[in-house]
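**Student:** Listed below, chain by chain, are the residues.
2 protein chains.
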Amino acid sequence: MGKNILVAHGGGPTAVINCSLQGVVEAARASGQVDKIYAARFGAEGILAGDLIDLTDVPASTISKLSRTPASAIGSCRRKLTDADFPTVLETLRKFEIDCFFYNGGNDSMDTCNKVDELARKEGLDLRVIGIPKTMDNDLDLTDHCPGFGSAARYAALSAAELALDASALPIHVVVLELMGRNAGWVTAASAMAGRLTDCQVLTYLPELPVDEDKMLADIERCYAKGKGLLVTVSEGIYGLDGEPLADTGIVDGFGHKVPGGTAQHVTDQIVQKLGLKSRAEKPGLLGRASIPYVSVPDREEAYAVGRFALESALKGESGSMVAIAAERAPVYQSSLFLAPLAEVANVEKKFPLEWIADGNGIGDAFFDYALPLMGGDFPEYALLRG
Amino acid sequence: MGKNILVAHGGGPTAVINCSLQGVVEAARASGQVDKIYAARFGAEGILAGDLIDLTDVPASTISKLSRTPASAIGSCRRKLTDADFPTVLETLRKFEIDCFFYNGGNDSMDTCNKVDELARKEGLDLRVIGIPKTMDNDLDLTDHCPGFGSAARYAALSAAELALDASALPIHVVVLELMGRNAGWVTAASAMAGRLTDCQVLTYLPELPVDEDKMLADIERCYAKGKGLLVTVSEGIYGLDGEPLADTGIVDGFGHKVPGGTAQHVTDQIVQKLGLKSRAEKPGLLGRASIPYVSVPDREEAYAVGRFALESALKGESGSMVAIAAERAPVYQSSLFLAPLAEVANVEKKFPLEWIADGNGIGDAFFDYALPLMGGDFPEYALLRG
Chain A
0 MGKNILVAHG GGPTAVINCS LQGVVEAARA SGQVDKIYAA RFGAEGILAG DLIDLTDVPA
60 STISKLSRTP ASAIGSCRRK LTDADFPTVL ETLRKFEIDC FFYNGGNDSM DTCNKVDELA
120 RKEGLDLRVI GIPKTMDNDL DLTDHCPGFG SAARYAALSA AELALDASAL PIHVVVLELM
180 GRNAGWVTAA SAMAGRLTDC QVLTYLPELP VDEDKMLADI ERCYAKGKGL LVTVSEGIYG
240 LDGEPLADTG IVDGFGHKVP GGTAQHVTDQ IVQKLGLKSR AEKPGLLGRA SIPYVSVPDR
300 EEAYAVGRFA LESALKGESG SMVAIAAERA PVYQSSLFLA PLAEVANVEK KFPLEWIADG
360 NGIGDAFFDY ALPLMGGDFP EYALLRG
Chain B
0 MGKNILVAHG GGPTAVINCS LQGVVEAARA SGQVDKIYAA RFGAEGILAG DLIDLTDVPA
60 STISKLSRTP ASAIGSCRRK LTDADFPTVL ETLRKFEIDC FFYNGGNDSM DTCNKVDELA
120 RKEGLDLRVI GIPKTMDNDL DLTDHCPGFG SAARYAALSA AELALDASAL PIHVVVLELM
180 GRNAGWVTAA SAMAGRLTDC QVLTYLPELP VDEDKMLADI ERCYAKGKGL LVTVSEGIYG
240 LDGEPLADTG IVDGFGHKVP GGTAQHVTDQ IVQKLGLKSR AEKPGLLGRA SIPYVSVPDR
300 EEAYAVGRFA LESALKGESG SMVAIAAERA PVYQSSLFLA PLAEVANVEK KFPLEWIADG
360 NGIGDAFFDY ALPLMGGDFP EYALLRG
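Heads up: the sequence lines are chains A and B, in that order. For the first sequence, position 93 (counting from the first letter as 1) is numbered 92 according to numbering that gives the first Met the number 0, and the numbering increases by one without interruption. For the second sequence, position 12 (counting from the first letter as 1) is numbered 11 according to numbering that gives the first Met the number 0, and the numbering increases by one without interruption.
Derived from the structure by calculation, the hints contain no laboratory data. Here a beta-carbon is modelled for each residue, glycine too, at the ideal position from N, C-alpha and C. Hints are supplied without guarantee of correctness; some may be wrong.
Said to hold, decoys possible - Distance condition first, Cα-Cα at most 20 Å in a straight line; then the derived SDA-like pairs of lysine to any residue: (1) Lys35/A to Asp53/A; (2) Lys227/A to Leu47/B; (3) Lys64/B to His172/A; (4) Lys225/B to Val271/B; (5) Lys35/A to Gly386/B; (6) Lys64/A to Gly242/B.
Stated by the list, open to error - Covered by chain A, according to a simulated footprint, are these stretches of chain B (three or more residues, beta-carbon under 8 Å): (7) 27 to 36; (8) 69 to 82; (9) 162 to 168; (10) 367 to 377.
Chain A on its own, in the form it takes in the complex (with noise of 0.2 Å):
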């Protein structure tokens, strides 16, 4: 008799996240050790409610559209488990006799799972339990990068390219683009690949360093007055030299937490009171990681990799680890999976290195010569014939 399994999705979808679970589902099909093919609806909240989708007869061409699929095609939820809430999970996992489970997230899913695994060990239940790394943040400990990052990271490059030549193409514009990571400046520091894309100038702004907004005002009059248009880009989560949030809209929502965003618009509104130069504020926000025409090719590889990999190490009978990626750079791109102790991953959060950006503003080639084999190849050559 084979193997039941479960998989679930844990925190803010990514634009390739659906590609890990192509990979459990295929890798899972292909061994012919899998009986039950379980996902969770809505991620944890499915598991606490015993609801799962049965994922076992769903045509292989619809399995083969997860690839191409945003967001999370079997839903995801932001509950984080309490202790008072895993014998709920391991009912779950007793009712329908799951012998892997597979939780696909970033910190906070990989401290769940961890636990998951510890409960389990403790209650003498027969199970594997396997991480599944994802975050476009690219905060994850131990792995070179995170599924999810490339894709984020091409579409703030491609996309602040785009508006650096939509700004230098009519003479007058201050573009701001507000990018996500309210903690981490991975994918803003991606951002900064337009300078190198196009003739245009680029300022950006990340979360890792408090940010002089008198400096950051003369900064832009400075590259303003060249005359060439301007983009700045920031990430939503920068701060004053205060220690504040440079953007407050003000609102709490209904779980009494402040409402995010707002930063490029405050940016613009200090730009055109204070340096009377016209300025808008741009803010793409969830597209920036659910947007499929962007993807990086790579990132959706290695993220159907690290499905395929969690399954087969399962299988193999391995538990308590997350699948992480070593990668080599030079002389060309190549990268592997190996396994890493979830006890280990869990709950650190990996900082953007200070020593990567420049005089505030600036991203260093450091960065790009590691973010960019991440980010897929094919990089458009623009016509940029005005001078």
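Assemble the complex: chain A is given as a structure, and chain B must be docked to it using the hints.
**Tutor:** Chain B only, in chain A's frame:
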């Protein structure tokens, strides 16, 4: 001795305006009748300053990249020519011995084009003047549609689908998407396609109809209660029953113009404060007209074709016309080009038909019958597993 030609861009770029430039240049080279190929640097500004870019010897390999280059490769402007400017325009045309002049733009640009043609005739200048249509707003008269619209509509539709899936993957979101179009709702209407591509709920609000905010919030609350997530798409230009724009940034730029935008943020604030629901606003803004990965292939091809047709028409001795598109949709989509009198096109704004809007927030089949062929085929089929 061959002819000298001049191309200029007017108004905001589209994702395919450079394709029309490529069409003009490649047709000019193929004709064997053109000597010098000039482009105005930054549109009317360049013409007035006598600042032309000489494209005559730009390598074919560079010209061929125009179809993948966003914004305007030669620069555009927002300057509307006045009577006082026209003598200077004629001076530049004389100085560079221009035989054929092509102005690529929207309503204002066609008006300018018409005036240049009239003045040239009056002054006895031997000049052929042809307008090349361009506007993502799709509001030029006499032509079935405008180059640039199909790509902006494709962007709106696919981005909306991606956001709708993201919103419904996490069960606690209302996402509000703001799209360009201050007076015309053609592009925002295309975002309603998200409901056809996904199983998500979408409400769409265009600037053609005043918005009853109480009804809007009631509709949002009712749709949200169905528990599948909700996307609300709004044009930046929607206004309330009092005739005032829903959003007012309260900021005036250096030119005395109100700074636009903030409509989605305003709606989101209402959702959070009055309905107590979690909501976030996204505003990709200029990306809606600059994004290359979302370009519609038929739009790209037609933008190229109108450029070629303009050049060929001028060489045949035509003048005082805009290239326009005729289209048949059954049994399959086919388009052809013809010349429409500039005087009849100039300053007429084609409005979105009110009868295509149902109940204030729904876009009917008639619009999609019209727009789908322009947005390009190859619409994604998503794997939706969560039921």
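**Student:** Give a verdict on every hint.
**Tutor:** Quick rundown of the hints versus the structure:
Only pairs whose Cα atoms come within 20 Å are accepted, and Lys35/A paired with Asp53/A is accepted, the gap being roughly 7 Å. Using a Cα cut-off of 20 Å, the hinted pair Lys227/A and Leu47/B holds, with the two alpha carbons roughly 19 Å apart. A C-alpha spacing of about 25 Å is found between Lys64/B and His172/A, which places the hinted pair above 20 Å, so the restraint is violated. Between Lys225/B and Val271/B the alpha-carbon distance is near 18 Å, which keeps this suggested pair within the 20 Å criterion.
Of the supplied pair hints, the one linking Lys35/A and Gly386/B holds, its CA atoms being roughly 18 Å apart against a limit of 20 Å. Distance restraint check for Lys64/A and Gly242/B: the Cα-Cα separation of roughly 45 Å exceeds the 20 Å cut-off, and the hinted pair is therefore not satisfied. Closer than 8 Å: that is the beta-carbon criterion, and the stretch 27 to 36 of chain B has 0 residues meeting it against chain A, so the requirement of 3 is violated. Evaluation of the coverage hint for the stretch 69 to 82 of chain B: fulfilled, as 9 residues show C-beta separations to chain A shorter than 8 Å, against a requirement of three.
Only residues whose beta carbon comes within less than 8 Å of a beta carbon in chain A count, and the stretch 162 to 168 of chain B has 6; three or more means the coverage holds. Note: the stretch 367 to 377 of chain B has 0 residues with beta-carbon separation from chain A under 8 Å; the three-residue rule is not met and the coverage is violated.
Hint check: violations occur at hints 3, 6, 7, 10; the rest are consistent with the structure.
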